[in-house]
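> With chain C held as given, fit chain Z onto it using these hints.
Number of protein chains: 2
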Amino acid sequence: MNYLTLLPVWDKLDETQQNLLINTASVRKFHRGNLLHSGSAECTGLFLVLSGQLRAFTVSADGREITLYRLFERDICLFSASCIMNSIQFDVSITAEKDTEVLIIPSDVYKSIMETSAPLANFTNEVMASRFSDVMWLIDQVMWKSFDKRLADFLLNESYIEGTDTLKITHEEIGHHLGSPREVVTRMLKYFVNEGLVSLSRGTIQIIDKKKLSDVVNG
Amino acid sequence: MNYLTLLPVWDKLDETQQNLLINTASVRKFHRGNLLHSGSAECTGLFLVLSGQLRAFTVSADGREITLYRLFERDICLFSASCIMNSIQFDVSITAEKDTEVLIIPSDVYKSIMETSAPLANFTNEVMASRFSDVMWLIDQVMWKSFDKRLADFLLNESYIEGTDTLKITHEEIGHHLGSPREVVTRMLKYFVNEGLVSLSRGTIQIIDKKKLSDVVNG
Chain C
33 MNYLTLLPVW
43 DKLDETQQNL
53 LINTASVRKF
63 HRGNLLHSGS
73 AECTGLFLVL
83 SGQLRAFTVS
93 ADGREITLYR
103 LFERDICLFS
113 ASCIMNSIQF
123 DVSITAEKDT
133 EVLIIPSDVY
143 KSIMETSAPL
153 ANFTNEVMAS
163 RFSDVMWLID
173 QVMWKSFDKR
183 LADFLLNESY
193 IEGTDTLKIT
203 HEEIGHHLGS
213 PREVVTRMLK
223 YFVNEGLVSL
233 SRGTIQIIDK
243 KKLSDVVNG
Chain Z
33 MNYLTLLPVW
43 DKLDETQQNL
53 LINTASVRKF
63 HRGNLLHSGS
73 AECTGLFLVL
83 SGQLRAFTVS
93 ADGREITLYR
103 LFERDICLFS
113 ASCIMNSIQF
123 DVSITAEKDT
133 EVLIIPSDVY
143 KSIMETSAPL
153 ANFTNEVMAS
163 RFSDVMWLID
173 QVMWKSFDKR
183 LADFLLNESY
193 IEGTDTLKIT
203 HEEIGHHLGS
213 PREVVTRMLK
223 YFVNEGLVSL
233 SRGTIQIIDK
243 KKLSDVVNG
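Line by line, the protein sequences are chains C and Z.
Every position in the first sequence, counted from 1, becomes a number in the working numbering once 32 is added.
Every position in the second sequence, counted from 1, becomes a number in the working numbering once 32 is added.
Extracted from the complex, chain C is given alone in its bound form (with noise of 0.2 angstroms):
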């Protein structure tokens, strides 16, 4: 199968550019928990998320971290290609969630058809354009709503993205996702299970009462 396919504008490209693409994009598989793209690193490519899911983030000067948005099947990771624009004037980290393969496209190969395809330059239009609606939702999140909402709504979402309410992740990996300390994690775990909204074992979360849980979320 061509996996170029999946592009939303593959048939818009003419003849010369998709076999551009044939012979120069690469299908790569990334364990759970493999570094895909760092801030510093050099411009990897643009990624097509064939299965599994991914994450990107930011990170503090001294190593914190907050999630920006997930990418799952059929997405597309903009900012590991992020050379193909001058104005891109920040770093995103990207890791791999789950077992995860990609579509790779190289940056240069996708700027150029870029540079002359109306179709290809507005399609990543669109993508930058979801994205940036992925962050301004988190500035609303840590700029106006308290940290029970914001947890209760991560566990939530978690659920249902993961089909289960027995959540396997650690505190710590909560914080990262937040952009909070463990400590503040754990702190407010333990106000949940008291309004017995979860219970907690060793690395599990169980989510008991999802109508109060989303009371949190709307409250």
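Any given hint could turn out to be false.
List of simulated lysine-lysine pairs, BS3-like, C-alpha gap at most 30 angstroms [as the list claims (entries may be wrong)]:
id, chain 1, residue 1, chain 2, residue 2
1, Z, K222, C, K177
2, C, K222, C, K130
3, C, K177, Z, K181
4, Z, K243, Z, K181
5, Z, K244, Z, K222
6, C, K177, C, K244
7, C, K181, C, K200
8, Z, K200, Z, K181
9, Z, K143, C, K44
10, Z, K222, Z, K130
11, Z, K143, C, K143
12, Z, K200, Z, K177
13, Z, K143, Z, K177
14, C, K44, Z, K44
15, Z, K242, Z, K222
16, C, K181, Z, K244
17, Z, K61, Z, K143
18, C, K200, C, K244
19, Z, K242, C, K177
20, Z, K200, Z, K130
21, Z, K44, C, K143
22, C, K242, C, K200
23, Z, K177, C, K222
24, C, K143, C, K177
25, C, K181, C, K244
26, Z, K242, Z, K181
27, Z, K44, Z, K143
28, C, K143, C, K181
29, C, K181, Z, K177
30, C, K200, C, K143
Here are the computed distance ranges between Cβ atoms for each label pair [unchecked claim]:
id, chain 1, residue 1, chain 2, residue 2, range
31, C, L232, Z, G195, 50 to 58 angstroms
32, C, P40, Z, Y192, 53 to 61 angstroms
33, C, S165, Z, G95, 17 to 25 angstroms
34, Z, R214, C, E133, 49 to 57 angstroms
35, C, F104, Z, L67, 34 to 42 angstroms
36, Z, P40, C, W176, 31 to 39 angstroms
37, C, D140, Z, I201, 26 to 34 angstroms
38, Z, I193, C, E74, 32 to 40 angstroms
39, C, V59, Z, R96, 45 to 53 angstroms
40, Z, S83, C, G235, 57 to 65 angstroms
What the hints contain is simulated information worked out from the structure, not anything from laboratory work.
Where a beta carbon is used, it is the ideal one built from N, C-alpha and C, also for glycine.
Leaving out everything else, chain Z in the frame of chain C:
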């Protein structure tokens, strides 16, 4: 003068596209304090700032504000034409911080040209990436920087923009820029007074020691 030539890609548009822009773009003046665009408003059009200064900000459900970025002469305001992209799923409000003159390009005209013009689509990409960089800077600030550093940085930046050490701005306005309650701003400013960094009088903040303010930012 044809202000449209200020568009960096003007020369890369064909004659039909140029004429369409010439026939539909218009110049409009706004007074200091005017709201040019609010999140819920219709898709006003793309603004090219001819003179003056704009402030882009986002508003919480209960009316709190935080500044996302400022726009100066020759900057492009894209999100006032957010309907040109489907994936822009967030609201940005724009006010004039000074008397401001803008060139307005109607959203539908801009969109129609962008659909076939790779240069205009790529230019739009660069503009969005530039705003994205501003917002990523903001995330870094609100996540990892203490309020004293953010306030000191804001005061130095205001002084730079205005070209004076005497800032005519209220504590409430600063709160709207930084996304903080007025009381928090007032408390920190009083601390700055005690440390000999600024002095306060009604509606005015006098910067006394720029070096020490910089030390707060970088300390």
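> It remains to establish, for every hint, whether it holds in the given structure.
Okay, the hints, checked on the actual structure:
Between K222 of chain Z and K177 of chain C the CA atoms are separated by roughly 27 angstroms; this keeps the pair inside 30 angstroms, and the hint holds. Between the alpha carbons of K222 of chain C and K130 of chain C the distance comes to roughly 28 angstroms, so the proposed pair stays at or under 30 angstroms and holds. With a C-alpha separation of about 22 angstroms, the suggested pair K177 of chain C and K181 of chain Z falls inside the 30 angstroms cut-off, and the hint holds. Under the criterion of a C-alpha separation no larger than 30 angstroms, the hint pairing K243 of chain Z with K181 of chain Z is consistent with the structure, at around 13 angstroms.
Distance hint between K244 of chain Z and K222 of chain Z is fulfilled; the C-alpha atoms sit about 15 angstroms from each other, no more than 30 angstroms. Simply put, K177 of chain C and K244 of chain C have alpha-carbon atoms about 17 angstroms apart, close enough for the 30 angstroms limit, and the pair holds. Using a Cα cut-off of 30 angstroms, the hinted pair K181 of chain C and K200 of chain C holds, with the two alpha carbons roughly 20 angstroms apart. Pair hint K200 of chain Z plus K181 of chain Z holds up; C-alpha atoms about 20 angstroms apart against a cutoff of 30 angstroms.
A distance of roughly 18 angstroms separates the Cα atoms of K143 of chain Z and K44 of chain C; the hinted pair therefore holds under the 30 angstroms criterion. At most 30 angstroms may separate the alpha-carbon atoms for a hinted pair to count; K222 of chain Z and K130 of chain Z meet this at roughly 28 angstroms. Between the alpha carbons of K143 of chain Z and K143 of chain C the distance comes to roughly 21 angstroms, so the proposed pair stays at or under 30 angstroms and holds. Using a Cα cut-off of 30 angstroms, the hinted pair K200 of chain Z and K177 of chain Z holds, with the two alpha carbons roughly 25 angstroms apart.
Proposed proximity of K143 of chain Z and K177 of chain Z is contradicted: the alpha carbons are some 39 angstroms apart, above 30 angstroms. Among the hinted pairs, K44 of chain C with K44 of chain Z is consistent with the structure: their alpha-carbon atoms are about 21 angstroms apart, no more than 30 angstroms. For the given pair, K242 of chain Z sits about 16 angstroms from K222 of chain Z by alpha-carbon distance, which is consistent with the 30 angstroms threshold. With a CA separation close to 38 angstroms, the supplied pair K181 of chain C and K244 of chain Z exceeds the 30 angstroms bound.
Taking the CA atoms of K61 of chain Z and K143 of chain Z, the gap is near 23 angstroms; set against the 30 angstroms cutoff, the hint holds. Our distance criterion of 30 angstroms between C-alpha atoms is met by K200 of chain C and K244 of chain C, whose separation comes to about 21 angstroms. Of the pairs offered as hints, the one joining K242 of chain Z and K177 of chain C is violated, with about 34 angstroms between alpha carbons and a cut-off of 30 angstroms exceeded. A threshold of 30 angstroms between alpha carbons decides the hint, and for K200 of chain Z with K130 of chain Z the separation of about 13 angstroms falls inside it, so the pair holds.
With a CA separation close to 18 angstroms, the supplied pair K44 of chain Z and K143 of chain C stays within the 30 angstroms bound. Our distance criterion of 30 angstroms between C-alpha atoms is met by K242 of chain C and K200 of chain C, whose separation comes to about 17 angstroms. This hinted pair checks out: K177 of chain Z and K222 of chain C have alpha carbons roughly 27 angstroms apart, not beyond 30 angstroms. With a C-alpha separation of about 39 angstroms, the suggested pairing of K143 of chain C with K177 of chain C is violated against the 30 angstroms cut-off.
The suggested pairing of K181 of chain C with K244 of chain C holds, with an alpha-carbon distance near 11 angstroms, which does not exceed 30 angstroms. At roughly 13 angstroms between alpha-carbon atoms, K242 of chain Z and K181 of chain Z fall within 30 angstroms of each other, so this suggested pair holds. Proximity of K44 of chain Z to K143 of chain Z is assessed by CA-CA distance (about 16 angstroms); at most 30 angstroms being required, the pair is judged to hold. The straight-line distance between the Cα atoms of K143 of chain C and K181 of chain C is roughly 41 angstroms, outside the 30 angstroms bound, and the hint therefore fails.
Only pairs whose Cα atoms come within 30 angstroms are accepted, and K181 of chain C paired with K177 of chain Z is accepted, the gap being roughly 22 angstroms. Distance restraint check for K200 of chain C and K143 of chain C: the Cα-Cα separation of roughly 40 angstroms exceeds the 30 angstroms cut-off, and the hinted pair is therefore not satisfied. Taking 50 to 58 angstroms as the suggested C-beta distance range, the pair L232 of chain C and G195 of chain Z conforms, at roughly 56 angstroms. For the pair P40 of chain C and Y192 of chain Z, the supplied restraint of 53 to 61 angstroms is violated, since their beta-carbon distance comes to about 43 angstroms.
The supplied range of 17 to 25 angstroms is met by S165 of chain C and G95 of chain Z, whose beta-carbon atoms lie about 22 angstroms from each other. Look at R214 of chain Z against E133 of chain C: about 52 angstroms separates their beta carbons, and that is inside 49 to 57 angstroms. In this structure the hint that F104 of chain C and L67 of chain Z lie 34 to 42 angstroms apart at CB holds, the actual value being about 38 angstroms. Between P40 of chain Z and W176 of chain C, the C-beta spacing of about 36 angstroms keeps the proposed range 31 to 39 angstroms intact.
One distance hint, 26 to 34 angstroms for the beta-carbon pair D140 of chain C and I201 of chain Z, is violated here, with the actual separation near 46 angstroms. Take I193 of chain Z and E74 of chain C: their Cβ atoms lie about 35 angstroms apart, and the range 32 to 40 angstroms holds. In this structure the hint that V59 of chain C and R96 of chain Z lie 45 to 53 angstroms apart at CB holds, the actual value being about 46 angstroms. Between S83 of chain Z and G235 of chain C, the C-beta spacing of about 59 angstroms keeps the proposed range 57 to 65 angstroms intact.
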